[in-house]
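Participant: Below are the chains, spelled out letter by letter.
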Amino acid sequence: MQISENLVWFIALPLISSAILLLVGKKANSWGHIAATTVSASTFIIGVIEFFAMQARPEENRAVVQKLFTWISVGSFNVDASLLLDQLSICFVLLITGVGTLIHIYSISYMSHDLDRRRFFAYLNLFIASMLLLVLGDSYLNLYVGWEGVGLASYLLIGFWNQKPAYATAAKKAFVANRVGDVGLSLAIMIAFATFGDVTFSGIKEQTDAASTTQLTAIGLMLLLAACGKSAQFPLQSWLGDAMAGPTPVSALIHAATMVTAGVYLITRSSFIFDEAPIAQLMVLIIGAVTLLFGAIIGTAKDDVKKALAASTMSQIGYMILATGLGPVGYAFAIMHLLTHGFFKASMFLGAGSVMHGMKDEVNMRKYGGIGKFMPITAITFGLGYLAIIGVPPFAGFYSKDKIIETAFNAGGIKGIALGIATLLGAAITAFYMTRVVILTFFGNERWGHKDEPHESPALMLIPIALLSIGSVASGYLLSKGKSLVYWLEPVVNPLKEHHAEELFSHTTVSLMTISVVIIGVSIAVRKYRGDQSDTAPEKVSKLTIAARKDLFQDALNEATFMRPGQSLIQKLLNIDHLVIDGAVRSVGVVSISAGSKLRSLQNGYVRSYALMMVIGVLSLIAVIWVVTA
Amino acid sequence: MPIANYLYLAAILFTIGAVGVVVRRNAIVVFMCIELMLNAANLAFVTFARINGNLEGQIVAFFTMVVAACEVVVGLAIIVTIYRSRRSASVDDASLLKR
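Protein chains in written order, with this note's numbering: chain A, 1 to 630; chain B, 1 to 99.
Hints listed in this document are in silico derivations from the structure and should not be mistaken for laboratory results.
Bear in mind that the values here come from a model prediction, so they are computed numbers and not experimental data.
Positions of the beta carbon are idealized from the N, C-alpha and C atoms, including for glycine.
Don't take every hint at face value.
What the hints assert, rightly or not - Partner residues aside, some chain A positions facing chain B, computed with beta carbon under 7 Å:
#, residue
1, Ile20
2, Arg530
3, Val607
What the hints assert, rightly or not - Footprint (simulated), chain A over chain B, 3 or more residues, beta carbon under 8 Å:
#, segment
4, 11-23
5, 42-56
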């Protein structure tokens, strides 16, 4: 293992910058955004330097570590706060810092009218620091610190405009849903420690043979729960739609490109556990398949442009989770889709932000229409992202999504066919809802109902979008050219155990099938949404549409199964508290008070009655002594 | 005459005094009743000294007289002061400390 001294700066720089911006206060208003952006850009530069240094080294020497300090040392249990930069983490580091920096630049302009822009940038830097710690930690415990950090940053940024109660509630919902997942992660760490006596990735990897399948399955399922919480996978997906309450750059950075993919990172990083635990791996597949269809169906019915994109994010992460469930053959494709998705989804979110910027913060697509001719650059970049996500060759999504569909089909047996059909269906629905978004926003009649024409956004916003859309055009080709990413990740994700099943479909067949379902999806959407549209959502719709508009009843289900029983339990406990515990305390008081008020009548202030009492007292004392002695 | 009769007299005097303290309202009379009780106690002390054939009881009787004299000084002063301020020597009127 190579030792490096530079890794600490990845976390220290943004963390210090965030602390300074928050502590200095209003004095930093004039330069806070510049400082934060510079810091983010410098982490990107360090990332690029580290990447080239890594590439120059021979394959077995590529990973670098840096021990910061001994964190916990109790008997035989030692945890160091140390960082590990290997082939997998560098992908994430470049994505986080690269997309992060572009979004910092975008936010300078997007948030320029916000009085609290400095606080926004402080939180963004806090997020960058936590996310980098998440992907650089060399043990589950270090990862957990970053995991909680991104949860905090996500909470703070979703509720950034917390003067609106609905936004504050959305932030709380995201936090609570994430917390359920966090419990899974902490349980996984505890089981891992009980089983292996170690929490580092390398330590556990060496000992997996010693553990029983049951133990590995338990760890795997808990890790999957954690991934579901953070990556908005079924059944913990409900927070992502509401998380769109945050400013659009936040949705692009945290809730599309980086944080929500932490679950994919976690599963890929834990490949040594999942590869040995078939049941956990099967659950990963099921959850991925369910979520990718779930998200896609919700996406078809949303009129809020950000929520449609959020549903799409959920669905695309479902693809990635499914790919990680396919075992050693799938990890590299999951990461590839994650990277390409980071580009095209961030670009589309920023495009949506640009449209909102020109449309007085309107998010309802029914009130858009025909914006393409007013905002040509936004429309073109959004269009490139659109072509990438639906998987049109040669755009990025084609390479990454096709690989997942192909691997799913070739997983073998009924499982392979079911997964293949699910992913293919998902691709068709994706094509449908993304076409719908594009047509409703950029084409058709103008429905915004006021005379002010939408205006194109300033260059500071357009340049990051343009750069990201270049990424969404080219990244797929670059990553898959000569299987570069697959070979790059090989040392991390255990390709040695790769087994080649009988191929059900060849690469070409899958590509043709995907392209044909995409064409079907697009043409249905074009048929349905071409021409003039009403500016209100149609009332008479099918039951499925009603369900999809209500997010397939995810909130209703959560409320019925968890919230209301929880509330009634709390109410009962509260009653017990009032009656039993408070009752005991209060009855002491009541007895004292009533005894006091009875005895008080003796204190009537008449000297003679006191004298009488004294006489009675002395007499009774004498009587007692007489009785006792006699 | 048996010596126990002195003790009976002391008991009767004490009881008269105690009843007087309880039933009379006039502070001066109450005060006199207290004196009666003190002197009943003195009589008992002296009687016991005689019975036991020593001097302790007699000495205590002297002490009691001294204490009673002091008490008269202080007590009368209080009664006079209360009478001056409240125009009444009734002990029931001076009941401001109740409740």
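Participant: Enumerate the violated hints, using their earlier numbering and listing them in ascending order.
Facilitator: Violated hints: 1, 2 and 5; rest satisfied.
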